[in-house]
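Asker: Sequence:
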Amino acid sequence: MAARGNTGPKPNGSAQGKICQFKLVLLGESAVGKSSLVLRFVKGQFHEYQESTIGAAFMTQTVCLDDTTVKFEIWDTAGQERYHSLAPMYYRGAQAAIVVYDISNQDTFGRAKGWVKELQRQASPTIVIALAGNKSDLASKRMVEYDEAQTYAEEHGLLFMETSAKTAMNVNDIFLAIAKKLPKSGGPGPGGDAGSSATGRRITEADNQPSSGASCCK
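Residue numbers (full-length UniProt numbering): 1 to 218.
Don't read these hints as lab results, they were simulated from the structure.
Be a bit skeptical, because a hint or two may be false.
Claimed, not checked - Across the chosen pairs, the derived CB separations fall in these ranges:
(1) Ser30 x Glu145: 18 to 24 Å
(2) Pro88 x Glu148: 26 to 32 Å
(3) Ala177 x Asp67: 15 to 21 Å
(4) Lys180 x Gly44: 19 to 25 Å
(5) Arg142 x Asp67: 39 to 45 Å
We put the CB at the ideal spot given by N, CA and C, even for glycine.
Could you build the full structure based on these sequences and the hints that come with them?
Answerer: Okay, here's the thing in structure tokens:
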């Protein structure tokens, strides 16, 4: 069965087999489209003018892989420099990360490399990292070549896709690729009914710190 994204509640959660829950964090410079990617993935929406995230925003979404339901707890972090010190609070305990850059802005690619280095140095040694070259719809303004990013990703063991939150290109695909790469051994954990997708709330630095995000599948 082909993997697919779940866009609504499942009629019978018990019939879906194993449920695995994973913490996923998005990192990248401000205005590269992290929030837009999450909004497109979770709600199938795109807003031309997306407000900058303050602190972090939290959403959940599920995808189905054969007899396994993967529930992502998604932390969309703020890209502004003043929030950088908060990032470890969100990627600590994460099983997956998407590092996002804007293909029309070379500086954001350099910043993405910095995030990859930080994750590989400080995050879980088993974390699955994907590199997303967002805003592929701006190909006419491209400053980061596809081959350059792909070579970098291969050298550092990253998943890589160019995406567009605006056109939805590869948005579901990058989350599905991550879901396929995450370990899913063992039985269902305390994830509850993973059909309750498309939920979200906004977190600021004044709110409680995120949980460790341990996987329910062990």
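Asker: Compare the structure with each hint and give your call.
Answerer: So, going through the hints one by one against the coordinates:
For the hinted restraint 18 to 24 Å between Ser30 and Glu145, the CB-CB distance of approximately 23 Å keeps it satisfied. For Pro88 paired with Glu148, a C-beta distance near 28 Å keeps the hint of 26 to 32 Å intact. At roughly 19 Å, the beta carbons of Ala177 and Asp67 sit within the given window of 15 to 21 Å. A hinted range of 19 to 25 Å holds for the C-beta pair Lys180 and Gly44, which are about 21 Å apart.
Separated by about 40 Å at the C-beta atoms, Arg142 and Asp67 satisfy the suggested range of 39 to 45 Å.
In summary, the structure agrees with every hint in the numbered list given earlier.
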